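Number of protein chains: 2
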Amino acid sequence: MHKLYGGMEGGGTKFVCAVGRGPDEIIAETRFPTAMPDETLDQAVAFFKKYPLAAIGLAPFGPMDLNPASLGYGSITATPKPGWSNADILGRFRSQFDLPLAIDLDVAAAAFGEFFWLPENQGLESLVYFTIGTGIGAGSIIHGKVVHGLTHPEGGHIRIPHDWKKDPFTGTCPFHGDCFEGLANGPAIAKRWGQPAESLPADHPAWELEATYIAHALNSVIYLISPQRIVLGGGVMQQPQLFPLIRQKVREELNGYIPSPVFNSTMEGYIVPPGLGKRSGILGAMAMAKNFLPL
Amino acid sequence: MHKLYGGMEGGGTKFVCAVGRGPDEIIAETRFPTAMPDETLDQAVAFFKKYPLAAIGLAPFGPMDLNPASLGYGSITATPKPGWSNADILGRFRSQFDLPLAIDLDVAAAAFGEFFWLPENQGLESLVYFTIGTGIGAGSIIHGKVVHGLTHPEGGHIRIPHDWKKDPFTGTCPFHGDCFEGLANGPAIAKRWGQPAESLPADHPAWELEATYIAHALNSVIYLISPQRIVLGGGVMQQPQLFPLIRQKVREELNGYIPSPVFNSTMEGYIVPPGLGKRSGILGAMAMAKNFLPL
Numbered sequence: 001m002h003k004l005y006g007g008m009e010g011g012g013t014k015f016v017c018a019v020g021r022g023p024d025e026i027i028a029e030t031r032f033p034t035a036m037p038d039e040t041l042d043q044a045v046a047f048f049k050k051y052p053l054a055a056i057g058l059a060p061f062g063p064m065d066l067n068p069a070s071l072g073y074g075s076i077t078a079t080p081k082p083g084w085s086n087a088d089i090l091g092r093f094r095s096q097f098d099l100p101l102a103i104d105l106d107v108a109a110a111a112f113g114e115f116f117w118l119p120e121n122q123g124l125e126s127l128v129y130f131t132i133g134t135g136i137g138a139g140s141i142i143h144g145k146v147v148h149g150l151t152h153p154e155g156g157h158i159r160i161p162h163d164w165k166k167d168p169f170t171g172t173c174p175f176h177g178d179c180f181e182g183l184a185n186g187p188a189i190a191k192r193w194g195q196p197a198e199s200l201p202a203d204h205p206a207w208e209l210e211a212t213y214i215a216h217a218l219n220s221v222i223y224l225i226s227p228q229r230i231v232l233g234g235g236v237m238q239q240p241q242l243f244p245l246i247r248q249k250v251r252e253e254l255n256g257y258i259p260s261p262v263f264n265s266t267m268e269g270y271i272v273p274p275g276l277g278k279r280s281g282i283l284g285a286m287a288m289a290k291n292f293l294p295l
Numbered sequence: 001m002h003k004l005y006g007g008m009e010g011g012g013t014k015f016v017c018a019v020g021r022g023p024d025e026i027i028a029e030t031r032f033p034t035a036m037p038d039e040t041l042d043q044a045v046a047f048f049k050k051y052p053l054a055a056i057g058l059a060p061f062g063p064m065d066l067n068p069a070s071l072g073y074g075s076i077t078a079t080p081k082p083g084w085s086n087a088d089i090l091g092r093f094r095s096q097f098d099l100p101l102a103i104d105l106d107v108a109a110a111a112f113g114e115f116f117w118l119p120e121n122q123g124l125e126s127l128v129y130f131t132i133g134t135g136i137g138a139g140s141i142i143h144g145k146v147v148h149g150l151t152h153p154e155g156g157h158i159r160i161p162h163d164w165k166k167d168p169f170t171g172t173c174p175f176h177g178d179c180f181e182g183l184a185n186g187p188a189i190a191k192r193w194g195q196p197a198e199s200l201p202a203d204h205p206a207w208e209l210e211a212t213y214i215a216h217a218l219n220s221v222i223y224l225i226s227p228q229r230i231v232l233g234g235g236v237m238q239q240p241q242l243f244p245l246i247r248q249k250v251r252e253e254l255n256g257y258i259p260s261p262v263f264n265s266t267m268e269g270y271i272v273p274p275g276l277g278k279r280s281g282i283l284g285a286m287a288m289a290k291n292f293l294p295l
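Just so you know, the protein sequences line up as chains A and B, in that order.
Read left to right, the first sequence gives residues 1 to 295 (my numbering).
Read left to right, the second sequence gives residues 1 to 295 (my numbering).
Don't read these hints as lab results, they were simulated from the structure.
Do not rely on the hints blindly, as some may be mistaken.
Identical copies carry no separate label here, and so any pair may be met within one copy or between two of them.
To be verified - Result set (DMTMM-like, lysine to aspartate or glutamate): computed pairs, CA atoms no more than 25 Å apart in a straight line:
1. Lys-145 x Glu-125
2. Lys-81 x Glu-253
3. Lys-249 x Glu-268
4. Lys-14 x Asp-88
This one's a predicted model, so the numbers in the text were calculated from it and none came from an experiment.
Sequences are here, hints too, so could you generate the full structure?
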C-alpha cells in the first residue's frame, strides 16, 4: 500500500490542505480563509491529525526564512499581512507532528509540483515557474532541486525596461516602483486602466503591454538561467490570449541570439500554462512531502 | 601519487593549456595565439600528448553546443570569429585521446574553478561568476553543478534599465543594442567616452555609470537566482574602484527588500573579485577534468 502524504498551501487569502498519494488520489481536502496565524495553523493541524501521514509538505506565502541554520528557519519574515510577521509555521507543526516536515515557499512548491508530478517535466535539468497575479513570484527547479541560495528567489522584483513615453504609469511596488511586479501585477493593470484586470476585454491594449513586460522578464530568465521550460501561472495568466503574445515578444526580443530550435518554433511547449492547472501549489506541497523521505 | 589533469582555456585571442594536480601544483603550461581551429587545436593536442593525463577539461569561448544528445555536442556554434563557426573542439580531442574529456564554456569553467578550488566557496549552494571585458558572460554553479539548461546562460544579454537622458549611448550589441553587454562591455566604455577604458582615470564619471549598469544586472541575478556569492572578473573589473561602487548601488537598488544580513554589511564577502585572480578559467578547466572522474 502506498503511503499517505499531506500538503498545505498557505496563501494570503486562503489556506488549502490536502491528503493523498498523488494528483489522482486525493482522499481529503479542506480550505479556509487566512485568519490570524494561531487560528489558521490550528485548523491545518487539526485537519492533518485525522490521517496516518508519512510526511507533510508546507508551502506558505513568503517571504520566509529558509536557512536551515537560522533560528527563524521555517518562519515568515517581515510581511505587510497583519499578524503574520515572524509567524513560525514549521515550529507549530514540529510541536504537533513527529513526522518529516518539508517547507518551502508557495511558488517554489508550485514549481516543484509541476516538475515532480508531470512526466514531461521529470527529466528536465531546469524549470522556472512564475505566478503572475496580485503579486509576482518565481520558483526554480535546477538539477532536480528547488533553488534557494542566499534567501530565495524574488523574481517579481527584477528591473525591466520601462518606456515612460508609452506607459507613464509609475508602478505599484512600494520598494521599487516600476520593477516587473510594479508594472505587471494585477493591481498595476487595474490602476493603469482604471478597471479590474479581469474586466478588460481580450483585445484591450492592456494585454499587449502586459505581454511586453512579461516577455522582458522572461528574456532575463532565459539569459541568466536558460531554463528548459517556463511555466506561467497565477490570476493574470488566466487570460489565454497572453500566451501567444508573450511567446512572440520573447522571440522578437531574443532576436535570434540563442541557437536553440525552441525559438524557431511556436514555443507552445516552452512557455506553458501549469500542467496541474490551479493545483500546482497544493500538489507541489504534497510532492515536497513525498520527496522528503529517503528513497 | 595524485593523478595529473589537463586544462585548456580557449579564448578569442589566446589559448592557455596547463597540466597539473591543482592550483598549487602546475607542472607545465603553454599559451599561444588563437589562430584557425586546426592549427590551434593541433598545438593544444601536441602539448597534452606529452603528459600521462587522467582526464582533460576543455573550456573554449562560446557560444557552444552543450547538449550531449546533439550531433554538434562540444562544437562552437555561430560565432563572428572567422573560421570558428562549427569548430568541433570535443571531436578533435576525442579522436586523439582515450581519456575522460569534460567540456564547457570558458566562463562556466571560471565559475566552476572558483567553486571547486576555493575552500570558502566549496560549501555554497550557488555561486554566479560574471566576466566583464570585451564581452560579458556569466556562469552559474547551482547545487554543485554548472547550469546549462536549454543551451547555456548568456548573462551578458539581459535587458537593464537605460536612462537615455543620462546616457544617450545606443549600445554596442549587434543583436540588442542597449542590453547589459551593449551598455557595459569594454568597447561600450571606449566608444562612449572616446578613449580606451583602461586609460580613464579612477575618478572619471565613466566608472560610476559602469557600476550603475553592473548593479542593475546583479539585481536581476539576486532576484532570480539568489546566489550565495557573486564573483566579478574580466578586463573591466581590473578597476578596483568599481567594487565598492557596485556594492553600494546594489544595496541602494534592492532597497531593503531581501531580508539577508548580507545587504546590511559592506558586502565585501558577497560581491568579490575572483579568488583565483586571472587563473579562474584555466584552473576551472582542470577542475572540470578532476571532477569528471568517478569519485
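Taking the hints in turn, this is what the structure says about them:
1. Proximity of Lys-145 to Glu-125 under the C-alpha cut-off of 25 Å is found in both arrangements, the shortest distances being 9 Å within a copy and 11 Å between copies.
2. For the identical chains of this complex, Lys-81 and Glu-253 are inter-copy neighbours only, at 24 Å across copies versus 37 Å inside a copy, given an alpha-carbon limit of 25 Å.
3. Proximity of Lys-249 to Glu-268 under the C-alpha cut-off of 25 Å is restricted to the intra-copy arrangement: shortest distance 13 Å within a copy versus 38 Å between copies.
4. In this assembly of identical chains, the alpha carbons of Lys-14 and Asp-88 lie at most 25 Å apart only when taken from the same copy (18 Å versus 55 Å across copies).
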